Amino acid sequence: MGDPMRIRAAENNGIVEVKILMKHDMETGQRKDAAGKLIPAWFITMVSVKAQGKEVFAADFGTAISKDPFLNFKYKGSRGDKLLVSWVDTRGDKRSDEASVS
Amino acid sequence: MKINLIKIFTISLLIALFQLAYAQNNLDAKFEKMMASGFKAEGIAGLDRIDQDETQKFCSDPIFVNSKQGAIHALKIQNLNMASILQPSDGRFIGDWKRGEVIAQSGRGGTWTDKPDAVNGGGCYNCHQIDKKEISYGNLGPSLWNYGKSRGYSQEVIAYTWNQINNAKAYNACSNMPRFGHFKLLTQEQIQDVMALLLDPQSPVNQ
Amino acid sequence: MHANAQSTADAIAKYREMIADGNPAELYEAAGEELWKKPAGPKNATLEKCNLGLGPGVIKGAAAQLPRYFPDTNRVQDLESRLITCMSTLQGISAQEIIDAPFQQGYKKTMDDIVAYVVTYSKDLKVNVSTKHPKEKESYELGKRAFFYEGGPMDFSCATCHGSTGKRIRMQDLPNLTTPEGAIAGWGYWPAYRVSNGQFWTMGLRLNDCYRQQRFPFPIYGSEVLTALSMYMAVNANGGVIHTPGLKR
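Residue numbers (this note's numbering), protein chains in the order written: chain A, 1 to 102; chain L, 1 to 207; chain X, 1 to 249.
Calculated directly from the structure, the hints in this document are not laboratory data. Please note that a few of the clues may not be correct.
[What the hints assert, rightly or not] Straight-line distance between alpha carbons at most 30 Å, and here's what the computed BS3-like set of lysine-lysine pairs gives:
#  : chain 1 : residue 1 : chain 2 : residue 2
1  : X       : Lys248    : A       : Lys67
2  : X       : Lys108    : L       : Lys33
3  : X       : Lys37     : A       : Lys94
4  : L       : Lys40     : X       : Lys137
5  : X       : Lys137    : L       : Lys33
6  : X       : Lys108    : A       : Lys74
7  : A       : Lys19     : X       : Lys123
8  : A       : Lys82     : X       : Lys14
9  : X       : Lys126    : L       : Lys132
10 : X       : Lys37     : A       : Lys23
11 : X       : Lys132    : A       : Lys94
12 : X       : Lys137    : A       : Lys67
13 : X       : Lys123    : A       : Lys23
14 : A       : Lys32     : X       : Lys108
15 : L       : Lys40     : A       : Lys37
16 : A       : Lys67     : X       : Lys132
17 : A       : Lys19     : X       : Lys60
18 : X       : Lys14     : A       : Lys67
19 : X       : Lys109    : A       : Lys37
20 : L       : Lys115    : X       : Lys137
21 : A       : Lys23     : X       : Lys14
22 : L       : Lys115    : A       : Lys37
23 : A       : Lys23     : X       : Lys132
24 : A       : Lys23     : X       : Lys248
25 : X       : Lys132    : L       : Lys30
[What the hints assert, rightly or not] Non-contacting residues of chain X with respect to chain A, defined by C-beta distances greater than 10 Å in every case (computed):
#  : residue
26 : Asp10
27 : Ala13
28 : Glu17
29 : Asn23
30 : Ala31
31 : Lys132
32 : Gly163
33 : Arg168
34 : Val241
[Stated by the list, open to error] What follows is a list of derived Cβ distance ranges for each label pair:
#  : chain 1 : residue 1 : chain 2 : residue 2 : range
35 : X       : Lys43     : L       : Leu47     : 33 to 43 Å
36 : L       : Pro142    : A       : Gly14     : 52 to 62 Å
37 : L       : Ser136    : X       : Glu17     : 14 to 24 Å
38 : X       : Gly106    : L       : Ser136    : 27 to 37 Å
39 : L       : Asp51     : A       : Ser96     : 53 to 63 Å
40 : X       : Lys43     : L       : Ile11     : 53 to 63 Å
Please read all numbers here as calculations on a predicted model, not as lab measurements. Don't be surprised by glycine CBs; every beta carbon is placed ideally from N, CA and C.
Please build the complete structure, drawing on both the sequences and the hints.
What follows is the structure, encoded as structure tokens:
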């Protein structure tokens, strides 16, 4: 189970703005450690956001996404929507967190 | 009556001065203890590095430095530093400006994470503008753009610049500039190369 | 045409504004909240009785009044020094193990999280550090001396970089820590998340890395000199608004 995410979501005129902070090292596999050895690749591959059970956002992440990714997007929704944010990484590690739209 | 008052005043003053001196000495002792117990040796950085030489001791007291006696003592410090500067063993002052630019760009060396065989840089761009093409420069020191072009290439300028890089405290006792020759931060050859960056008429700095 | 230094500095300021939303320090804060409330150590206790100067467990405003004198340890302590006391006395964790842990690993990672949590509860408050107690006054004076203490092969003191206004090293602005405005720019913005290396740095790590670049030997974590320097900066920053946890380049 990965580290907890921070999710903020606020509705305004039928548009919900979602801000998500994920905790992840997002190693590209190209960095070297202090001893000169390659640090193995380890990054989030898929992110999915569901609102009221329906998918409103899906993304394929790769090595271009930096450490501790911050995601910001909008969808058509309502105050009180139940959000479920999930990610999977290259090690098969997962994380899911819930939040309500304010 | 009057004589007693003077006696009382004088004794009170002496007690106050003694207390002040004692407190100051007490603080000195506490400070020394704090510094001695606050650090440990790590990598190439040994505890000898917090032993101060005369210059460092003097410049650590800004109140004294700015006083009348301080100004007099500063001259002593400057002379001390000037006397210790080594002139180049091969008589050459100007080296290779291309290597000089590399030395000026590198801030490596001397820290506890640096390996003992690492090549030190001069870190010159940390504090100075040098070649105008480099926009990432600090302002802790004056701009050195057109250094030779504006000062000329006389033996006097060359001698002054050599001394300044080797030991800036020879001219300004409490200069913020490190003493690159004095503490062997840069080799003689490296200093000759930095000299070239500033004083070779072909250097980009002088275009 | 060469870009001038001012337009470069403005562009960097704009970049900072853009990334200010979603400070990853919040991730450390969330982890810190869990650690504060979770039983740990040989005594299997939480940190909920930890006294940071405003009473056991009081976090709101605690960072804003640190460093301060503590009667139970009879000395002035800063946040990290005091957390070492709490973790060792309440939880039974070895203080030396916390001190010896490499930065950002093991007990130092625990420290990062808890520090992020505690300082969040002083965000937007004013620095309010007292020098009423004689040891507090003394700590300030010792810190001032340490600030101006030149050493190492480059003759650097803290004042070399942080003793004048309007200075920068390369493109990094240097606050003048001897003035109220400069002191709050430093003291009020660390601990912070550094975007350039994706790391959360406490004030303890910030001071450690300053001394490294000054070519000094290694300052011992939690030692009196670090507390004294913190005291010097904090008192100079008194009345200024706290922005921690900050976000840095």
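For the pair supplied as a hint, X/Lys132 and A/Lys94, is the alpha-carbon distance within the 30 Å limit? Roughly 52 Å separates the two Cα atoms, so the pair is violated.
Just double-check X/Ala31 for me: nearest Cβ-Cβ distance to chain A has to come out over 10 Å. For X/Ala31, whose nearest Cβ neighbour in chain A is about 7 Å away, the distance does not exceed 10 Å, so it is violated.
Note whether the CB distance of X/Lys43 and L/Ile11 lies within 53 to 63 Å or breaks it. Taking Cβ atoms as reference, X/Lys43 and L/Ile11 lie about 57 Å apart, which means the hint holds.
Compare the distance between the alpha carbons of A/Lys23 and X/Lys14 with 30 Å, and conclude whether the hinted pair is satisfied. Between A/Lys23 and X/Lys14 the Cα gap is close to 25 Å, so the pair holds against 30 Å.
Would you mind confirming whether the straight-line C-alpha gap from X/Lys37 to A/Lys94 stays at or under 30 Å? 25 Å, holds
Holds or violated: L/Lys40 with A/Lys37, Cα cutoff 30 Å? Between L/Lys40 and A/Lys37 the Cα gap is close to 29 Å, so the pair holds against 30 Å.
Next pair to validate is X/Lys137 with L/Lys33; report whether the Cα-Cα distance is within 30 Å. 17 Å, holds
Non-interface label on X/Ala13, tested against every C-beta of chain A at 10 Å: Consistent with the label, X/Ala13 stays out of reach of chain A, its closest Cβ about 19 Å off (over 10 Å).
Given hint A/Lys67 paired with X/Lys137 - CA-CA distance at most 30 Å: 43 Å, violated
Taking 27 to 37 Å as the stated bounds, is the beta-carbon spacing between X/Gly106 and L/Ser136 within them? The hint (27 to 37 Å, Cβ to Cβ) holds, given that X/Gly106 and L/Ser136 are roughly 36 Å apart.
May I ask you to test the hint 53 to 63 Å on the CB atoms belonging to L/Asp51 and A/Ser96? 58 Å, holds
Beyond 10 Å from each Cβ of chain A, as asserted for X/Lys132: The claim holds: X/Lys132 sits with its nearest Cβ about 39 Å from chain A, beyond 10 Å.
Violated hints for the displayed structure, listed by number in ascending order: 6, 8, 9, 11, 12, 16, 20, 23, 29, 30.
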